[in-house]
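K.L.:
In case you want the letters, here they are:
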Amino acid sequence: MIAEDTCVLSADGGAAAPSAAHTPWLRLIIGIALILFFMFGIGSLAQRIPGARHMAQAIEERGLRATAIYYTDFEEPAEGSERIRDSLAYTPGQKP
Amino acid sequence: MANGTATIPKNTTDYVVIESGKTSLRDLYTKEDWMAVWMGFLLLIVGLLIFLPNPPEKAADIPRYNAIMKEEAAKAPFKTIEWYNAASAKRGVRATDQNFARTIQNFLAAPSDWSTNPLDALIRTEETARAMGAPHKEAADKAKVAADSALASAKAAQAAAATAGFKDVALNAAADKDIKAWQEAKDKASKAAGKVNVKPYNRIPYLVGLCAMLAVFFGLGKAIMGASFTKFVVGFPFVFFLAVLAYMGETQALMKYWGFGFPLWAIVFGLLISNTVGTPAWVKPAVCTEYFIKTGLVLLGAEILFNKILAIGQPGIFLAWICTPVTLVLTYWVGQRFIKMPSKTLNITISADMSVCGVSAAIATAAACKAKKEELTLAIGLSMVFTAICMVGQPAFARLVGMPEILAGAWMGSTIDSTGAVAAAGAFFGEKALYVAATIKMIQNVLIGVVAFCVAVYWCAKVDGKPGDTVSWWEIWYRFPKFVVGFVLASIAFSFIDQSMGKDMSAVMIDHGVLRGFTRIAREWFFALAFVCIGLDTNFKEFGQYFKGGKPITLYVFGQSFQLAFTLLVAYIMFYVVFPEVTAAI
Chain A
1 MIAEDTCVLS
11 ADGGAAAPSA
21 AHTPWLRLII
31 GIALILFFMF
41 GIGSLAQRIP
51 GARHMAQAIE
61 ERGLRATAIY
71 YTDFEEPAEG
81 SERIRDSLAY
91 TPGQKP
Chain B
1 MANGTATIPK
11 NTTDYVVIES
21 GKTSLRDLYT
31 KEDWMAVWMG
41 FLLLIVGLLI
51 FLPNPPEKAA
61 DIPRYNAIMK
71 EEAAKAPFKT
81 IEWYNAASAK
91 RGVRATDQNF
101 ARTIQNFLAA
111 PSDWSTNPLD
121 ALIRTEETAR
131 AMGAPHKEAA
141 DKAKVAADSA
151 LASAKAAQAA
161 AATAGFKDVA
171 LNAAADKDIK
181 AWQEAKDKAS
191 KAAGKVNVKP
201 YNRIPYLVGL
211 CAMLAVFFGL
221 GKAIMGASFT
231 KFVVGFPFVF
241 FLAVLAYMGE
251 TQALMKYWGF
261 GFPLWAIVFG
271 LLISNTVGTP
281 AWVKPAVCTE
291 YFIKTGLVLL
301 GAEILFNKIL
311 AIGQPGIFLA
321 WICTPVTLVL
331 TYWVGQRFIK
341 MPSKTLNITI
351 SADMSVCGVS
361 AAIATAAACK
371 AKKEELTLAI
381 GLSMVFTAIC
391 MVGQPAFARL
401 VGMPEILAGA
411 WMGSTIDSTG
421 AVAAAGAFFG
431 EKALYVAATI
441 KMIQNVLIGV
451 VAFCVAVYWC
461 AKVDGKPGDT
471 VSWWEIWYRF
481 PKFVVGFVLA
491 SIAFSFIDQS
501 MGKDMSAVMI
511 DHGVLRGFTR
521 IAREWFFALA
531 FVCIGLDTNF
541 KEFGQYFKGG
551 KPITLYVFGQ
561 SFQLAFTLLV
571 AYIMFYVVFP
581 EVTAAI
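Those sequence lines, one after another, are chains A and B. Just so we're aligned, residue 1 is where the first sequence starts under the numbering used here, counting upward by one. Just so we're aligned, residue 1 is where the second sequence starts under the numbering used here, counting upward by one.
Next up, chain B with everything else stripped away, as it sits in the complex (with noise of 0.2 Å):
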């Protein structure tokens, strides 16, 4: 900062975030964390700008798709080949398709997969593309055909049910089983399809031209707060190249299979780094933890859309929004009172991480908190390995036991930390429990808004203040972490225009476009770069006291196996007792 940093005592620089408990109006350029706010909000609003104006022009069909559905649904019991037809062509317009947006696509890409040469996730010639995708061939013709006649089969049983007025008991049975044998047989055909289409990529020069881009950026950022933009521009490039070698990480083939994201590699090279060699003092300007993560945290905020809790309608709620908080609350509570956890802020932040959704929920609960740096990499740690652990035990369990796909998927969905190992775990036991838990883990994601917004109101009026005072709320708002503010205004912002939109329309330009097409590919680098830096400034042997009796491990091995139980006796209540419709539906 431009003042005073040299007297900031060593071990504040331990924290995520810091607060100093003076606010000004000079705090609204000069503090990181009204920066961040600005520079995610100017993201935002580029989004908005690149994608509202430009809607896709098969947007215009989806009223027509809808109508479809609709004259299906109400003409045979069973849904029809028509009916698929719509559905799918409706999930087929996306606004990320247009060209211009696979553009920013490509220039914010992160390195590509790769399995034993780490170059093959920077480049792939067309030689290379022709050669990987040549195996595939065959098994995709094969697909095709099998996808092919199945189809054939299901029109021959439809037009049968058609024959009898779909009155038929058994001949509507009969269309139902080919219609969903010809769906998985063309979901197989297309899966097939696309690995013979593989495509040749140099992401070296995107790489570089986004590596300056993001040093100017933040660089701004940082010479308005009053700092070198110069020294910041210098250090940049090697925390950005770190953070490459993190999704390097992330992408190398066996790697991606347990779910060690870009987070822990991030974490582990910069701590080899700054444990081994010393993090060069050239590097030390552009190490911005903070700087980074809020500004990721107020992207992250955008993609917090309130209308998603419905999307399983109030089975979905029930189970997101009871069982998780009610885990969250115990396993914190059980963490004072029985396990006596050395820190506050490790007890919450691991309980977030564990009852909400793993690393998301973790980096916004320990920002919110004001957790150290240690303790949010704990756990990272924990929840990654518990995770592992989960995706590859809980669809095993399901099996054994006899599990319903539909209870399966809502239990693993709410239980498993990682938001993509949910979706594995679901693959792993069949499609309705992948397409069931997702959905599940996007409700209790959205719920990571509430609890940060929760968690730092609690920390600022219970927590950090002397036991028995009364806090004012000057003084809550004093010690609040601002960037909580563009964080929640971010979510109502964009839970307003997805809600105005209509949730098709959202779909298609919101959740497929500003977000998925532009800020969620950003927030990601901002996280990438803010845990290669949380590496780079952490200590190894600070680890240690945290560790002491193994006691985060047990308070996550307790809160783990009451969610697992609690959250498998609600998901049973909720879609079998209380509201079998909806699971019939499904």
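Chain A on its own, in the form it takes in the complex (with noise of 0.2 Å):
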């Protein structure tokens, strides 16, 4: 089991220099530099993919979640499964 009291890594510990005591830190400010380099910078770039804004566009126009993990995070499914539930069950041209 994970316990409360478990974890693979820790923080650098023991009397550092200080040099060596800032890399860390250094270390996560790269790394929050990166991601938004990320997510500004590529994430803009992307956008010049052929078909990527248009992708966008359908995305934000429908105001969908395209990160949704399972069927319950986002209306489309329920949406869809209804009409075509109703559209089966009530097809035009059948006798009542």
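Just so you know, the hints here were simulated from the structure itself, not pulled from any lab data. A few of these clues could be false.
[As the list claims (entries may be wrong)] Heads up, simulated DMTMM-like pairs for lysine to aspartate or glutamate below, C-alpha to C-alpha not over 25 Å straight-line:
1) B:K137 <-> A:E60
2) B:K75 <-> A:E61
3) B:K177 <-> B:D97
4) B:K503 <-> A:E61
5) B:K432 <-> A:E61
6) B:K180 <-> B:E71
7) B:K142 <-> A:E61
8) B:K137 <-> A:E61
9) B:K177 <-> A:E82
10) B:K58 <-> A:E82
11) B:K137 <-> B:E126
12) B:K180 <-> A:E82
13) B:K432 <-> B:E126
14) B:K144 <-> A:E60
15) B:K70 <-> A:E60
16) B:K180 <-> A:E75
17) B:K503 <-> A:E79
18) B:K199 <-> B:D187
19) B:K58 <-> A:E75
20) B:K188 <-> A:E82
21) B:K144 <-> A:E75
22) B:K340 <-> B:E82
23) B:K541 <-> A:E75
24) B:K195 <-> A:E61
Both chains come to you apart, so use the hints to assemble them.
P.N.:
And the structure:
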């Protein structure tokens, strides 16, 4: 079991030199900068991929949650299945 | 844990789920597996008690809407205006639209969308809301005028067809065309109106309240299991804060288009902390991956409603429940036999997330087979990258080859990993494709209950034992991840309630009530917390061994390529050869 007092990693401990003590924080700042670069730099550039802009437009127009991990996380599966269910249950041309 | 954790070998902390191999009555309140089951059940019962006694008043009108659709379907050979209005009114009846349900949703809501200023995800003033809505006013007005005009044309065309007693084929076709055009215009007007009506919010007080509530909820569970309540509560806000940041990563304007959801960001932010400044010691008591993930999985079990598999008739069952298991088993077999994957648990986790439904399948399978955290992380990373590629590539390919809309929807729904990305790809192609794709994915989503259960049994009976050994049922039970029992029971109980209420009332009270209005939102938070913990508990360097020879990528590419070809063939046969009447009715 992963218990409350177990963890793989620990913070750098011991009596470190001032420069070494700053290294973890420097790494953290670089990491944050990389994440921001990915979000705003690569993310914007990726919009130039053919089809990507159109896809973004489709997502925006419909307010879709493209990141949903299960069908209950957004409306379209429910709406779609209800539309299909009604179409199959009350198909035009059926006798009452 | 209360005893013995100090002596647990370091490498055991790498696993998503570990079982001790013994079981006793004490386990019912000292083991995280069982505690997750009780906590999940508690939330599900609370959800049922909140929603079931309070059906919306409009629910009484549902039989009338059905009667109208039945009457109209008998009257004309196309869906009339009245047919569509009745269907739309029926879909508008939701338990989640009631005031008490909105309050619950506000309290549990995750950060909202933002583009350049992260604070926009947490606070939107009335002034900002007005400013955001104003530019869309003109477009919304135009869309409304267009919808009104389309309705007038549809009414005229339908009246002409009715005058001919719905016997004139040309007039019927013209009415059908105009009514469909009105539906499209109405849909656009509705979306445009939604953009004008931007609501202000301040999520910070709710998030603080939610953090406190979750800290107490999970802290009490920890205390019952013998751990320190205080230490957990002290560390929890840090984990929760990273989970909030993970949601903000998802809701950033550019990232949400690529399907990079909160699981990825939660792991990234956790990894960033643990691999730079290190996870602070005071946070570690709240780093409880298993505890959060298992409770979330019990809640997910309630969302696995078996009646959903009939949503699109037999073609949907064949597509989602035949193609998917075949792909899963074949990919796993190829992974073991030919690709020689470094680990069976990595193999099955990737195979499941690739063939079933991405992240949610990866979580359930990894927990069921006791995969390592790095393996789950790797499977999720691969899934998200390939999802982003398929989400753009598949609809583009389908358009290029002139694939029919329903075939494209069925193909994309069954082959793109992530559920949300499936809808985006469908929307990119067209409305019918969107609804077929989303429905097929929903049917496939239900499969994860069966997959998780089968994987758990197979692992306990075959993989965990020595080759050639006969494993007794008791031994299987000892090894069995007990939270899967809660996961399966929740699914059976909610499927039974769903069935007994009838499809229409269940859609109102269960799907758009207990689940979407309460337990689903809680489940997402629990997964976000779990992924933050995975990041906080993982060393970046440990990923290297799993990437040796690029085997995970080879496995993924093989499985996905097979699935793309096989599913396209089966979708064509099912929707256009064996059941063309279903395709025609959709």
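K.L.:
Each hint should be assessed against the structure and marked as holding or not.
P.N.:
How the hints compare with the structure:
no. : hint              : in the structure
1   : B:K137 <-> A:E60  : 16 Å, holds
2   : B:K75 <-> A:E61   : 35 Å, violated
3   : B:K177 <-> B:D97  : 33 Å, violated
4   : B:K503 <-> A:E61  : 29 Å, violated
5   : B:K432 <-> A:E61  : 16 Å, holds
6   : B:K180 <-> B:E71  : 19 Å, holds
7   : B:K142 <-> A:E61  : 15 Å, holds
8   : B:K137 <-> A:E61  : 15 Å, holds
9   : B:K177 <-> A:E82  : 22 Å, holds
10  : B:K58 <-> A:E82   : 17 Å, holds
11  : B:K137 <-> B:E126 : 16 Å, holds
12  : B:K180 <-> A:E82  : 17 Å, holds
13  : B:K432 <-> B:E126 : 37 Å, violated
14  : B:K144 <-> A:E60  : 19 Å, holds
15  : B:K70 <-> A:E60   : 35 Å, violated
16  : B:K180 <-> A:E75  : 21 Å, holds
17  : B:K503 <-> A:E79  : 13 Å, holds
18  : B:K199 <-> B:D187 : 21 Å, holds
19  : B:K58 <-> A:E75   : 20 Å, holds
20  : B:K188 <-> A:E82  : 19 Å, holds
21  : B:K144 <-> A:E75  : 23 Å, holds
22  : B:K340 <-> B:E82  : 60 Å, violated
23  : B:K541 <-> A:E75  : 40 Å, violated
24  : B:K195 <-> A:E61  : 9 Å, holds
Hints 2, 3, 4, 13, 15, 22 and 23 from the earlier list are contradicted by this structure; the remaining hints agree with it.
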